[in-house]
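Chains as they are written, first to last, in the working numbering: chain X, 2 to 468; chain L, 64 to 175.
Please note that a few of the clues may not be correct.
Unchecked claim - Computed cross-link-like contacts, DSS-like style, restricted to lysine-lysine with a CA-CA straight-line distance of at most 30 Å:
1. L:K135 with L:K66
2. L:K123 with L:K103
3. L:K135 with L:K123
4. L:K80 with L:K153
5. L:K133 with X:K85
6. X:K85 with L:K123
7. X:K85 with L:K75
8. L:K66 with L:K133
9. L:K103 with L:K66
10. X:K398 with X:K85
11. L:K153 with L:K123
12. L:K80 with L:K103
13. L:K103 with X:K310
14. X:K239 with X:K86
15. X:K310 with L:K75
16. L:K80 with L:K123
17. L:K80 with X:K86
18. L:K135 with L:K75
19. L:K66 with L:K80
20. X:K86 with L:K103
21. L:K135 with L:K153
Think of the hints as simulated: they come from the structure by calculation, not from any bench.
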Amino acid sequence: MKLRSRLKQIFAVAILTVPALALAQPSAPAPSGPATQEQIASLQAAVQNAQSNADNAWMLVSAALVLLMTGPGLALFYGGLVRKKNILATMMQSFAMMGLVTILWAILGYSLAFGHGNSFIGGFDHLFLRGVGVAPNTDYAATIPEQTFMVYQLMFAIITPALITGAFAERMKFSAMAVFLSLWSLVVYSPMAHMVWGVGGFLNAIGGHFPSLDFAGGTVVHVTSGVSALVTAIYLGKRLGYPHTAMPPHSMVLSFIGACLLWVGWFGFNAGSALNSGGLATSAFVNTHFAAAAAALGWTITEWIHNGKPTALGAISGAVAGLVAITPASGFVEPFPALLIGLIAGAFCSLMVFEVKSRLGYDDSLDAFGVHGAGGTLGALMTGLFATKAINSIFGKDAPTGAADGHWGQLINQSAGIAIAWILSAVGTLVLLFIVDKVIGLRVSPEDESTGLDLSQHGEEGYDLNS
Amino acid sequence: MLKIEAILQPSKLDAVKDALLEAGIEGMTILEARGHGRQKGHTEFYRGREYTVDLLPKVKIELVVTDEMKEKALQAIIGAARTGRIGDGKIFVSRIEDAIRIRNDEHGETAL
């Protein structure tokens, strides 16, 4: 073994030197003598600069990819699944998050998530983005400007409340939705992000009370949004006529495009969460893709057996479920476990949607809980199972990462993260819904609901074929 | 004068239109319609929920012809639209009292 690796080294050195010698011959002789301190320092600065620029390029692209997931990705995915009288209202709910959460993030949200605070919530040190400039924040990402980190994390803060809108589609007032989700991003999202990713956070993998592994937001994004979705669907009640009236999707084509955009955007979501453009990003990229593909298969096969036909909606829903489940695991597992995670998530989420929803009778209109809540919880658990130090030795150079390395205790840490995400989301959502319901009223009138939210809330129509 | 209303499978519209033109019928109105007869509907699946779609897309052709043209027009429609399977459609014939060409006030068969 030792001899073989020694031989490999010699071979590598030989390969690298031969062309270098060939190139060196015709050029002018290099200046002789030892390099000065000054030269070494400037060389180091140049190397650092090159790495920083490379990382920054990838992180800015990733940030744009994550925004692409909300608009147009999620807006189209959800928009196609509702009836045509509600498409604009549904798309506007996602778009409103792009506006509202951005403003809140700049004022307060970023500071509450990533500022120095206690174990549960950040402080006010970055209020109005104070101190957030082009210098890196070494607490989080030492090679990119803090503003890059800030805007990248903002895109996560945007999509998370937007995911909830699938549960209350076709029946909530625009005003109530805007206030509810704005408050939600401060009361539920920022604290959860701080606990898992923030310095000194309760669940932070490095130094937290329960070091829980969440690479790109399985608990922070998907469990919180999924559980809040379930609570909102139950609190708000069913749509008029559900489940007796048929409410099939009005445009599978739009949903199809949306889901494919989500898949592409997810590379920014997961591979970007490496916060650099190195090998870990590649690992997360590959895992993301593998899980999505396997989950599309898992959902389709289950559906084929269960209902007799493989549907397009099943295939794309499966892909999204796989992307959700791999999110926490993407930077911790190897490619074959990623395939397995996807396959299981596709089958599991489809059964959540086919069986559990209809048995319990709640109207989670577009299955935000069935896909994000269920898939996120499952993914967070399987992260503890398959995480390995071969991919990410986050607990120290030789320390085991997950159960795959024999560290079964990680499953307890993962469960703690999941439990806290469930409790914070359920309680926070319930309190906010109660307040907004008393002050504004959550639901549109039955007349407005049958007219459709496009006309009743916005005074326009998605499709006016007579104009 | 007679009005012929034919409800057809949308896929047969072009064939019927061509057959009518060939038979010498010059004017017709086409409506997109939804409905069902004995064919009933079909079922669709979305995320495991089964939906029965009982009103299927159809097209309806309306034309008004002179009494002499009746058989020719009916044969043209039947010939082009029949597949022999359930769901081919129906034709209704009714008598028309008058027809008026808006452009020049012509009445009766000359207005057709």
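| field | Hints that the structure is at odds with (numbers, increasing) | value | Failing hints, ascending: 5, 10, 17.
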